[in-house]
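Quick mapping for you: the protein sequence lines, in order, are chains A and G.
Going by numbering that gives the first Met the number 0, the letters in the first sequence line up with residues 0 to 251, in that order.
Going by numbering that gives the first Met the number 0, the letters in the second sequence line up with residues 0 to 420, in that order.
One or more of the hints may lead you astray.
Heads up, incomplete: computed chain G residues facing chain A, CB under 10 Å, no partners named [said to hold, decoys possible]:
| id | residue |
| --- | --- |
| 1 | Thr7 |
| 2 | Glu11 |
| 3 | Leu63 |
| 4 | Ala71 |
| 5 | Leu72 |
| 6 | Gly75 |
| 7 | Val103 |
| 8 | Asp109 |
| 9 | Gln277 |
Read the hints as simulated data drawn from the structure, not as lab findings.
Glycine included, every Cβ here is placed at the ideal spot set by N, Cα and C.
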Amino acid sequence: MGYYSGEELTIAVVSSIAIAIFVFGLYIQFRKYGVGIAGRTSKVGAIGFVRLILSLILKNIKKDPKRFVKLFVFGILFQRMIFRRSKFRWVMHLMIFWGWILPFIFFMIIVFFWMVDWIYGHMYGVEPSIYLTPNFWIEEFETPANIAEYMLLGGISVAVVRRIISKAVREMSDFHDYFLTFSLFFVVIVGLISELMGKGVFGELSNYAPQFTLFYEITALLIFVAFVPFTKYFHMIAVPLVILALGDDRDV
Amino acid sequence: MFERFRCTQLLEFDACTRCNECIEWCPVYQEIKEEKFVPWDTMCEEDKLGFSPKYRVLKMREMLNKKYGLRALIFGPREITKEELERYRDQTYMCTTCGTCRTVCESRLDTVSLWETTREMLVGEGIGPYGKQSRFLEILKSGNMYEAKQEERLCWLPSDIEFKKEAEVAYFVGCTAAFRAQKVAVASVRVLDELGVPFTLLGEEELCCGSVLMRSGQPSPLVENYIMKNIENLKKRGVKKVVFSCAGCMKTATLDWPKYWGKELPFETLTFPQYILQLVDEGYELDIKPVRKKVTYHDPCHTGRHLGIYEPPRRLIQMIPGLEFVEMERTRELQRCCGAGGAVKAGIPQLALAMSKRRVEDAIEVDAEMLISTCPFCRRNLRDGIKEMGIDMEMEDLMVILAEAMGLNTEVPENPYLYKS
Chain A
0 MGYYSGEELT IAVVSSIAIA IFVFGLYIQF RKYGVGIAGR TSKVGAIGFV RLILSLILKN
60 IKKDPKRFVK LFVFGILFQR MIFRRSKFRW VMHLMIFWGW ILPFIFFMII VFFWMVDWIY
120 GHMYGVEPSI YLTPNFWIEE FETPANIAEY MLLGGISVAV VRRIISKAVR EMSDFHDYFL
180 TFSLFFVVIV GLISELMGKG VFGELSNYAP QFTLFYEITA LLIFVAFVPF TKYFHMIAVP
240 LVILALGDDR DV
Chain G
0 MFERFRCTQL LEFDACTRCN ECIEWCPVYQ EIKEEKFVPW DTMCEEDKLG FSPKYRVLKM
60 REMLNKKYGL RALIFGPREI TKEELERYRD QTYMCTTCGT CRTVCESRLD TVSLWETTRE
120 MLVGEGIGPY GKQSRFLEIL KSGNMYEAKQ EERLCWLPSD IEFKKEAEVA YFVGCTAAFR
180 AQKVAVASVR VLDELGVPFT LLGEEELCCG SVLMRSGQPS PLVENYIMKN IENLKKRGVK
240 KVVFSCAGCM KTATLDWPKY WGKELPFETL TFPQYILQLV DEGYELDIKP VRKKVTYHDP
300 CHTGRHLGIY EPPRRLIQMI PGLEFVEMER TRELQRCCGA GGAVKAGIPQ LALAMSKRRV
360 EDAIEVDAEM LISTCPFCRR NLRDGIKEMG IDMEMEDLMV ILAEAMGLNT EVPENPYLYK
420 S
């Protein structure tokens, strides 16, 4: 978070492509679910599926708001179902989850202020207040984002080591598990190196910090955004939707 | 073929995080992994894993993507071969739908519902059901799952027991207690009679609850017809509470009947332990004599995991003086299925037997002299397991234990089904 390539245009283009691929992927997935039954109609399509999910979530909120909040907090934010099964995996998963989700939230806030800054500059030709600039927020988020990134690094390292040292875990893993674990590990390590390069830790090699960081930023955008609907990363979307839409009586 | 699933169910297939918890806990996979039951002639480890909940979810995901995934969108859908579906049928039907996978699922997938809809899909494709299960529909035309005469529904009823034509309480006997586990039915009415509760029985108007067809993926107009008639007949008798001695009927009536009825049922559904405890709480007194035995309790999947009724049977057991109650290692929501459910007892009896033996071993581990349950179907299967193992252990329904502890006569009168009971 403390260092970035500064290649705003390239990042903007890659971000747009990544988001477009993400949306297209979501469409394919939702179209697939739309083959099923919604109420008394079948083959409702992607839009029908989205409508159904929203209506189910709203129904669950109306039916029992307290329970819905409980489902959201304990089921999604704190993933108590994993806690019940394995404390060790829960710690690992939570470190990955929060280590991923916090920088993502920070990133979205920065993108928002980048847009605000751009609109002020290009449409009104004025300088926005310091609080409305991305640089202010980049600095604000530096420490929490660093903590989150180390959490992510810790969590994902445990996941990688588990797969290396445990035969049982290896036997139960397939390509999708390996892709998720190692791609995440790769992005995190590349991010860490680019961060250290930006601080000049690697001597002369640090001169390549902008290029390396650009590589990191593109990789992160592709893996964390574009590939989501097509890989095991999709569980980050599917699981919360299942929990909130089904909203069944089971305890969380 | 996927049109039988609800949209949310199709989403569920993509929500599996491959945590492997279901593989860890699945009682069917355990039997197959340890080769206590071998479904196919030649099986590698991968084939064995195919019977686990996780791989069944992943296989369904794969088939769904073959038809509707990214590649299908670009290059056209790929064929799902008959052989693929037949293998999947075996994997899907060799499941007792016990719901352990649902309990341990970290993504909260409603797996029981997924397996039942998958079975419906396979039946719709002409691939399912499995083996003898394809005769269920024909058998049920008799009104019950044992092809017995409907007019003999009450052949087990002791002559000194009187039931009312109309009453607020009805005892829904169920096919198994009426024709195969008649001692359970006798004990149940004896207890009601002793407590002085006016109750009614549907007799020959009682029709199969529909469980066996629904669990095997064959819901049909016949099921709907039976369910509606059962509800109408109970309503006609002014029933406010229906008490079940069969866990399968109890689950079906509680969870499935309202879907067909279209609204809340006009009566409350209760298991016998729940109802007896209600009476005790209302002030009824049970005159129970001590029974000196070390016992353990097996939670039926249908009333346990599926309905969450864990404490009433335990409370009732503990009300019987002299009984030394011990819990098995796997109880309540993590209980090990006896192997009878999900139409497995009828369709794949060898699997049901292997699973029942495993459950009996759980009881042996805690030195229990007697296994108690509250489902005539579990009772039958666990008895088969005990018999096969040739051990000295009793298996009895809680209502029989209670009735005998109350000094009531649980002898079944002579009838055409007595030797099968």
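A quick look at each hint next to the structure:
| no. | hint | result |
| --- | --- | --- |
| 1 | Thr7 | holds, 6 Å |
| 2 | Glu11 | holds, 6 Å |
| 3 | Leu63 | holds, 6 Å |
| 4 | Ala71 | holds, 9 Å |
| 5 | Leu72 | holds, 6 Å |
| 6 | Gly75 | violated, 14 Å |
| 7 | Val103 | holds, 6 Å |
| 8 | Asp109 | holds, 6 Å |
| 9 | Gln277 | violated, 21 Å |
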